[in-house]
Amino acid sequence: MQLSLGPVLFYWSRAKLLDFYAEMAAQPLDILYLGETVCSKRRAMSLDDWLGLARELRECTRAELVLSGLALLEAASELSSLKRLCDNGELLVEANDMGAVQLLHERRLPFVAGPALNLYNAHALAELQDCGLQRWVPPVECSGALLRDCLEQLDQLGRLRPQVELFAYGHLPLAYSARCFTARAENRPKDDCQFCCQDYPEGIPLLSQEGEALFTLNGIQTLSGRVSNLLADYAQFEAHGIDCLRLSPRAEGMGEVVQQYHAVRQGGLPPLLAEGCNGYWHGRPGMLSAEEAGLC
Amino acid sequence: MQLVCPAGSLPALKAALNQGADAIYVGFRDDTNARHFAGLNLDEKQLDSGLQLIRAQRRQLYVAVNTYAQPGGWQRWQRAVDRAADLGVDALIAADPGVLGYASQRHPQLNLHLSVQGSATNVAALELYRQRYGIRRAVLPRVLSLAQVRNLAGKTEVPLEVFGFGSLCIMAEGRCHLSSYLTGESPNLCGVCSPAKAVRWQEDADGLSSRLGGVLIDRYAKDEPAAYPTLCKGRFMVNGQRFHALEEPTSLNTLELIPQLAEIGIAAVKIEGRQRSPAYVEQVARVWRAALDAYRRSPQQFQVQPQWQAALAAVSEGSQTTLGAYHRAWQ
Numbered sequence: 001m002q003l004s005l006g007p008v009l010f011y012w013s014r015a016k017l018l019d020f021y022a023e024m025a026a027q028p029l030d031i032l033y034l035g036e037t038v039c040s041k042r043r044a045m046s047l048d049d050w051l052g053l054a055r056e057l058r059e060c061t062r063a064e065l066v067l068s069g070l071a072l073l074e075a076a077s078e079l080s081s082l083k084r085l086c087d088n089g090e091l092l093v094e095a096n097d098m099g100a101v102q103l104l105h106e107r108r109l110p111f112v113a114g115p116a117l118n119l120y121n122a123h124a125l126a127e128l129q130d131c132g133l134q135r136w137v138p139p140v141e142c143s144g145a146l147l148r149d150c151l152e153q154l155d156q157l158g159r160l161r162p163q164v165e166l167f168a169y170g171h172l173p174l175a176y177s178a179r180c181f182t183a184r185a186e187n188r189p190k191d192d193c194q195f196c197c198q199d200y201p202e203g204i205p206l207l208s209q210e211g212e213a214l215f216t217l218n219g220i221q222t223l224s225g226r227v228s229n230l231l232a233d234y235a236q237f238e239a240h241g242i243d244c245l246r247l248s249p250r251a252e253g254m255g256e257v258v259q260q261y262h263a264v265r266q267g268g269l270p271p272l273l274a275e276g277c278n279g280y281w282h283g284r285p286g287m288l289s290a291e292e293a294g295l296c
Numbered sequence: 001m002q003l004v005c006p007a008g009s010l011p012a013l014k015a016a017l018n019q020g021a022d023a024i025y026v027g028f029r030d031d032t033n034a035r036h037f038a039g040l041n042l043d044e045k046q047l048d049s050g051l052q053l054i055r056a057q058r059r060q061l062y063v064a065v066n067t068y069a070q071p072g073g074w075q076r077w078q079r080a081v082d083r084a085a086d087l088g089v090d091a092l093i094a095a096d097p098g099v100l101g102y103a104s105q106r107h108p109q110l111n112l113h114l115s116v117q118g119s120a121t122n123v124a125a126l127e128l129y130r131q132r133y134g135i136r137r138a139v140l141p142r143v144l145s146l147a148q149v150r151n152l153a154g155k156t157e158v159p160l161e162v163f164g165f166g167s168l169c170i171m172a173e174g175r176c177h178l179s180s181y182l183t184g185e186s187p188n189l190c191g192v193c194s195p196a197k198a199v200r201w202q203e204d205a206d207g208l209s210s211r212l213g214g215v216l217i218d219r220y221a222k223d224e225p226a227a228y229p230t231l232c233k234g235r236f237m238v239n240g241q242r243f244h245a246l247e248e249p250t251s252l253n254t255l256e257l258i259p260q261l262a263e264i265g266i267a268a269v270k271i272e273g274r275q276r277s278p279a280y281v282e283q284v285a286r287v288w289r290a291a292l293d294a295y296r297r298s299p300q301q302f303q304v305q306p307q308w309q310a311a312l313a314a315v316s317e318g319s320q321t322t323l324g325a326y327h328r329a330w331q
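Those sequence lines, one after another, are chains R and S.
Here UniProt numbering is used: position 182 in the first sequence is 182, and no number is missing along the way.
Here UniProt numbering is used: position 92 in the second sequence is 92, and no number is missing along the way.
Since the hints were made in silico from the structure, they are not lab data.
Don't be surprised by glycine CBs; every beta carbon is placed ideally from N, CA and C.
A few of these clues could be false.
To give an idea of the chain R side of the interface with chain S (calculated C-beta under 7 angstroms), a few residues [what the hints assert, rightly or not]:
| # | residue |
| --- | --- |
| 1 | 98 |
| 2 | 260 |
| 3 | 286 |
Extracted from the complex, chain S is given alone in its bound form (with noise of 0.2 angstroms):
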């Protein structure tokens, strides 16, 4: 099972290198890919010696044009994967049927993979990509419970890619638009959610409010610790009562399932967070990749270590993780 890492910068880059990521991620610094945050990824000269040094060492660079091209800006996607196929990276990672069959087309000999944001979870829709763009992976979305992911991957003949690690949606990856339906700019056609600009604090005599779009997204009390208001994960009034209706802020964590997934057959395990610091990817990265060769090393005897567990809780969004929908033993 390969690790991928992610990449937001070219620290980042070395750091996910140095702990042995198999491939490391990366986008193209505008809209086209799913985290065009200010100040995030990689310039050209950043990228051309990000992939010499990935080269030499012999892993995999993908580069992931995965948000949905808007008509007027077409020639930017277009461009986008002109330059992921001249870099000759390993594997675009894309998810509009658009950019996919410019890919097929233009460039036959460029490995595809669809997106997360392509939300193909079942063998009907990964076929489609299969037939049409010849994908040679896909990226599940993180809805599908071990069970499914297990009965998926018998069924289907695109290798199979899922999320380890990260910042948890709750929602069915490029199926949201709750972001543009506050701010105007969602996942989908800006690479953006909960965008930054859109974000207010606010401090008064009770403690701190936080804001998405002029909308309340969370008040925190005095010694309450405080999260970026990503607006699934605020806490709101449902029936009289006030919780986190939709998502606590929570990290996914697959560790304990490496045997499940490897023995499924799963491809490669995905380390989610462009957007987070190279002190991140190399504590994520040393992690899984420990945990990867345990398992190699013996299958049989694969147990989680506690330190893996504490390295990753540290790291995690309101330093708690969850197994998110795989540990589900129904629909």
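Okay, chain R solo, but in the shape it has when bound (with noise of 0.2 angstroms):
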């Protein structure tokens, strides 16, 4: 099993990043993923700072380098920075957007199909073989039987299955708008946001006014309250096709759950329960854990 370094989905500054990754170098940890997903306006880091701090982690890791691309594109800039992303000439490109999968399939890049592409069966999964899909992160909401179903129904096809890297730490990605909700909490128009998703490094909480932890908002994406944590499902992954293990980046902690992860990896017994919730994996509502749904 391998386990991946998802994109940092929160905007932190540049000197953060970087101390970041090179904490993250020297773990066990067979993919990194760099690059700016959420939103254009975060500018701490250029594309060329990016393809530089690649260059400066292969002096030091033996993980690959995938740089991921923007998941919701809504202006001809944008669109600009997504082509010279996908023309870096040196890293492979995680596609969160169909415009990113056109950009590939006419470079015929091969790339990996993001978590924010809706791939739900195999005749979907198979047009986007044919574009040059080898990687699949499917989307959070899928559940284990889905995502077997799916390689099943691939096999049925007589199609190679992709590598299937599935997110399985940290809080998901859960939605897209053209909305900051950041800058709205803060009462600042999104064409004047100071940044000020800055100063919450994992996004700011949103609670159920009883107090519950309902979602995270981070600038226009909105993320589960709840940290997703399918350790204690790792018995179950390599029966379902799973090749790898995405774990999304936090502010703090990030290499005490690389080291939980690759215990289990190396043999260690899993946890009966993990902290957090995996109510997807199990077919139940996301923010559930398997206890919560009354599956054990």
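Relying on the hints, combine the two individually framed chains into one complex.
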């Protein structure tokens, strides 16, 4: 089982990002995703900065380096940036929008299909395999059973299975909007956001009026309030056709998270219950844990 | 500019037709479409009679097969596409690349529209669907500003359809799993958002509470009007403040943009609301027909009539309307 580090979804300063990747480069990770996937206004790192970081990381880690693209493209300038990203000439790209799929297909470049692409069945996967898909990160709302069915359906179509990377740990990316919810919470217009999301290294918690953590506001992205954690389900992954587990960066403690997953893939016993939610994996509401869903 | 109206029932379809819809879009009675609500949509007989009425008046029928197919139910999506083709519909509205691929190969004559659930917001994404599936139209998600729509229309070869009126999704359509996070059912996979079966109303001494999947979405004082607990439209706590942190209950209304949309070359304006009543469809279709006709008669003199706005406000969520993302002057 491989372990990957997903792209940083939050807006961190350049210094924090560089420190973070220096720390992660020393971790037993097989794939590192770099790049900005949420908001084109976040400019702490330019494309050249990301590529420079990738070159530095190459010196100190054997992990594969991948560049992730923006999920929601609205302005023509964002499409131009995405073109430059696809033309980087060095790194594999994670497509998070069908526009990126088209650009990569035109360039005859293989790509990773990120979790923001709506691929829920083998026929859709086969369509994108024809465009260059080589690794698939399923939408976060997919259950384990749906993934297994997809891969079996792909077998029946006589297609090779892509590498499958499961979103295993972190706040789940749930939605994208034209509106910046962080700016809205701060009573700022989006065009004068003052990059206020940089003040929230793990987003802003959105609670119900009863104090229940529901969502996490992260600019134009809405994440789950709870952290998803599938470590307790580890024993099922191989039989479900999963090759790689994605750990999505949090502001603190990622080294420990990587170590926990690494210990289990090296033969350590997975915990009976892991802190966090795993309802989606079990085909239940994503916010629940298997225990809360009455499954154990 | 075509007027495309929703119909979740035969009476709604007749209302749309009577009020001058150029095209009417419907869904089958299952989870192959994004308005899979109990008791909604047309059965076979109703569809047949609806189609006859539409043909008699030389209008168009579109069928939405616009959810994402799950492997176990693939045949259901295939059958839905085949049925639409057999009916001879004027367009199939779809989002799933698998469904689009099947439709374009099996029924090359079938006119394909990319659903808003396909979430295509840029020229490269539209180009993918055009090149691979030959789509003849795309419905744009409600996230683009008018300037961005204009820019896109100038660059793409795909004719564009935009939402003119109806409930407002604040999230990019097809890019939102909030509903399944709380209830297990999402628009993409189940054709529902904030499903009615997950809703609970609770009345106590303090007032009325609405819950979805057990989660408190909003709480209303005795005299406050209560809204359906669509989960993005509740009042939540953020940084210690209680407010509509994602979106207020409000409807999109773009009557005043008709001249700009026409000038951009938008092919069609879509009215949201297959889940709404025939009376809603009648009211909204009537106003939009009048407005589009007034614009066509004398584009220079076009002015939004106060009675149009009043009629639309009466059927709007929270009785308020907004221009949504269209009004933004910036990115």
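Which numbered hints does this structure break? 2
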